[in-house]
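K.L.:
Chain by chain, the residues run as shown.
There are 2 protein chains.
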Amino acid sequence: MSNQPLKNDLLLRALLREPTSRTPVWVMRQAGRYLPEYRELRARAGSFINLMSTPELACEVTLQPVKRFPLDAAILFSDILTIPAAMGLGLHFVEGEGPNFEHPVRDAAAVGKLGVPDPDMELRYVLDAVRLIRAELAGRVPLIGFAGSPWTLACYMVEGGASKEFARIKGMLYAEPACLHQLLELLTRSIILYLNAQIAAGAQAVMLFDTWGGVLTGSAYREFSLRYMQAVISQLQRESQGRKVPVILFTKGGSVWLESMAESGADALGIDWTLELGDARRRVNGKVALQGNMDPAALFASPERIREEVQNVLHSYGKGAGHVFNLGHGITPGVKPEHAAAMIAAVHELSPAFHK
Amino acid sequence: MSNQPLKNDLLLRALLREPTSRTPVWVMRQAGRYLPEYRELRARAGSFINLMSTPELACEVTLQPVKRFPLDAAILFSDILTIPAAMGLGLHFVEGEGPNFEHPVRDAAAVGKLGVPDPDMELRYVLDAVRLIRAELAGRVPLIGFAGSPWTLACYMVEGGASKEFARIKGMLYAEPACLHQLLELLTRSIILYLNAQIAAGAQAVMLFDTWGGVLTGSAYREFSLRYMQAVISQLQRESQGRKVPVILFTKGGSVWLESMAESGADALGIDWTLELGDARRRVNGKVALQGNMDPAALFASPERIREEVQNVLHSYGKGAGHVFNLGHGITPGVKPEHAAAMIAAVHELSPAFHK
Chain E
20 MSNQPLKNDL LLRALLREPT SRTPVWVMRQ AGRYLPEYRE LRARAGSFIN LMSTPELACE
80 VTLQPVKRFP LDAAILFSDI LTIPAAMGLG LHFVEGEGPN FEHPVRDAAA VGKLGVPDPD
140 MELRYVLDAV RLIRAELAGR VPLIGFAGSP WTLACYMVEG GASKEFARIK GMLYAEPACL
200 HQLLELLTRS IILYLNAQIA AGAQAVMLFD TWGGVLTGSA YREFSLRYMQ AVISQLQRES
260 QGRKVPVILF TKGGSVWLES MAESGADALG IDWTLELGDA RRRVNGKVAL QGNMDPAALF
320 ASPERIREEV QNVLHSYGKG AGHVFNLGHG ITPGVKPEHA AAMIAAVHEL SPAFHK
Chain X
20 MSNQPLKNDL LLRALLREPT SRTPVWVMRQ AGRYLPEYRE LRARAGSFIN LMSTPELACE
80 VTLQPVKRFP LDAAILFSDI LTIPAAMGLG LHFVEGEGPN FEHPVRDAAA VGKLGVPDPD
140 MELRYVLDAV RLIRAELAGR VPLIGFAGSP WTLACYMVEG GASKEFARIK GMLYAEPACL
200 HQLLELLTRS IILYLNAQIA AGAQAVMLFD TWGGVLTGSA YREFSLRYMQ AVISQLQRES
260 QGRKVPVILF TKGGSVWLES MAESGADALG IDWTLELGDA RRRVNGKVAL QGNMDPAALF
320 ASPERIREEV QNVLHSYGKG AGHVFNLGHG ITPGVKPEHA AAMIAAVHEL SPAFHK
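Quick mapping for you: the protein sequence lines, in order, are chains E and X. So in my numbering, spot 150 of the first sequence is number 169, and the numbers just go up one at a time. So in my numbering, spot 39 of the second sequence is number 58, and the numbers just go up one at a time.
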């Protein structure tokens, strides 16, 4: 792993609620389709799978937004389904449909056949990408590693792809909860190994993406999603090169359960745009930092209007430490790169006033 | 309109937080694809548009679930897009894709060309269906009329159909708010006329479906959705045949804004399954009745497990008036009718204990 000292530690400090001179900013899906240089590389790579599974290409994509914009973090370019893919489910991407598995997991027999992937073997391409990125970043900004949450991976594995109603996995949840728990435990063990391997390879912060936790009832969220994320967080290697490795937890649509999420052991919570950040801050009551939460659609407005929205988000969080500026969800493919630039510039310009 | 006295007024009483002997129950999308008799009639009708726009057929579909199950309400079988269709946008349904408009509304010029439909002319088929249904119901249970919220109709009109990211309408919201407000005002006036015409034709309660309010930020929800629903509610004819006509408001994904919704003038709020009903009840603090909120996916479990979930929902609301049992969203097409029957039977059996 690169031993170059970290030149910009704003992200790591803010995630641990330590004082900073301004609010750090990065963007979920910052490496992706809204950037022409990404689309060009994607076309050259031939397929999305080739792009994300070739360390040199994944490294190049990860660095693209960091080269273009004054961002305070890089996030590993990868897919949340690397673990199920490593389990042999046959991941493939259908244009316009998203991810699909050839071999979905729909009963106890199928769960029983699954093993925990060895990150150094089946997921080595991800770790190689992490090492390359760290070397290329040369300490410029920290690198965020990530994984899907156990529940979210289980959703894709049971449904066989993206879903609207989650009828299959919820059918399992209500009718065969023991089978689902077995799957979630296996995924929890896999994610712990995977994230610890990312940290050992150089990830300086990690994020758990619970994309589908928000489709559950409150009690099912605690039993089938949050509990397993807590188990993951409690077993992560939380130090690297003498610094703490902060953990960010993001449950899309989970604003209603914020108080429970603040007890998960995560250092920071990702907040979607439906909640006002000031309300979220009051509800978590100093227990965690907050990351978010500008409406991604605000990037369709003019640069002047974007600047206003940045000010609204900063003002809603208010003065003091513990805020990482981000969108409330991934950046939308149709957004103009200049509009992302306007947002990032506005954070640089407007946020110091909130740290005096 | 039918003058037969109402034999079962549990729904109307519960919506107004008056005491009842048990909790009334109906099911969002109770008339629909999970019923074989619906699928048969749908096939005979040739197209969904024909089915919903022929009063005799819409009446038959509306009555199907009421004949099969001991439900406490019928809900008009129609579509939330009748108003934009009446405005001449060219509504059509693409199999597997949902509704589409030939002429989406994307700028001030297109908004300027729209007029308020006269319910007695362009929407007469809906009112004829309401009158027929009331005659056929003969006072057995009350009939609920409905409309999409101004914001939800605007979403479909601007996007041209269903959407995942709502890039076009949110682009308009941030970049041309005045144009969007003009569209929302026009829709508000149209919905007031439409719902008042449904009430005059015989609807005994009405529901506003704000399917897409949940994609907004908190402040945008208040400015672009809630405010217009309040305007609708304040101008409804709230009495029919000597009884109050209760209004139910349902914003999918709106749990985070429940306190604001409780101030809307609605008598009851629909609650999706992400929030525990007991928490919702504490938050609205006696201002409104609550309708919901079993996870629709629980209907994939066994009848015994369904009964447990019914008990959980009843117990979460707790003792006393003001609860209408329902799912937290529309019933899923793949559900077995016997499972819906098990849920309804469990409400009949288990709820009296909460009304002693």
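Treat the hints loosely; a few may be bogus.
You can't tell identical chains apart in this list, so a pair holds if it fits in one copy or across any two.
Distance condition first, Cα-Cα at most 30 Å in a straight line; then the derived DSBU-like pairs of lysine-lysine [to be verified]:
no., residue 1, residue 2
1, 375, 132
2, 183, 355
3, 26, 183
4, 183, 306
5, 263, 132
6, 263, 26
7, 375, 355
8, 183, 338
9, 306, 355
10, 183, 271
11, 132, 338
12, 263, 306
13, 86, 306
14, 26, 132
15, 26, 306
16, 183, 263
17, 183, 375
Derived from the structure by calculation, the hints contain no laboratory data.
K.L.:
Can you list which hints this structure breaks, lowest number first?
P.N.:
Hints 1, 3, 4, 5, 7, 8, 9, 11, 13, 14, 16 and 17 are the ones this structure does not satisfy, whereas the remaining hints hold.
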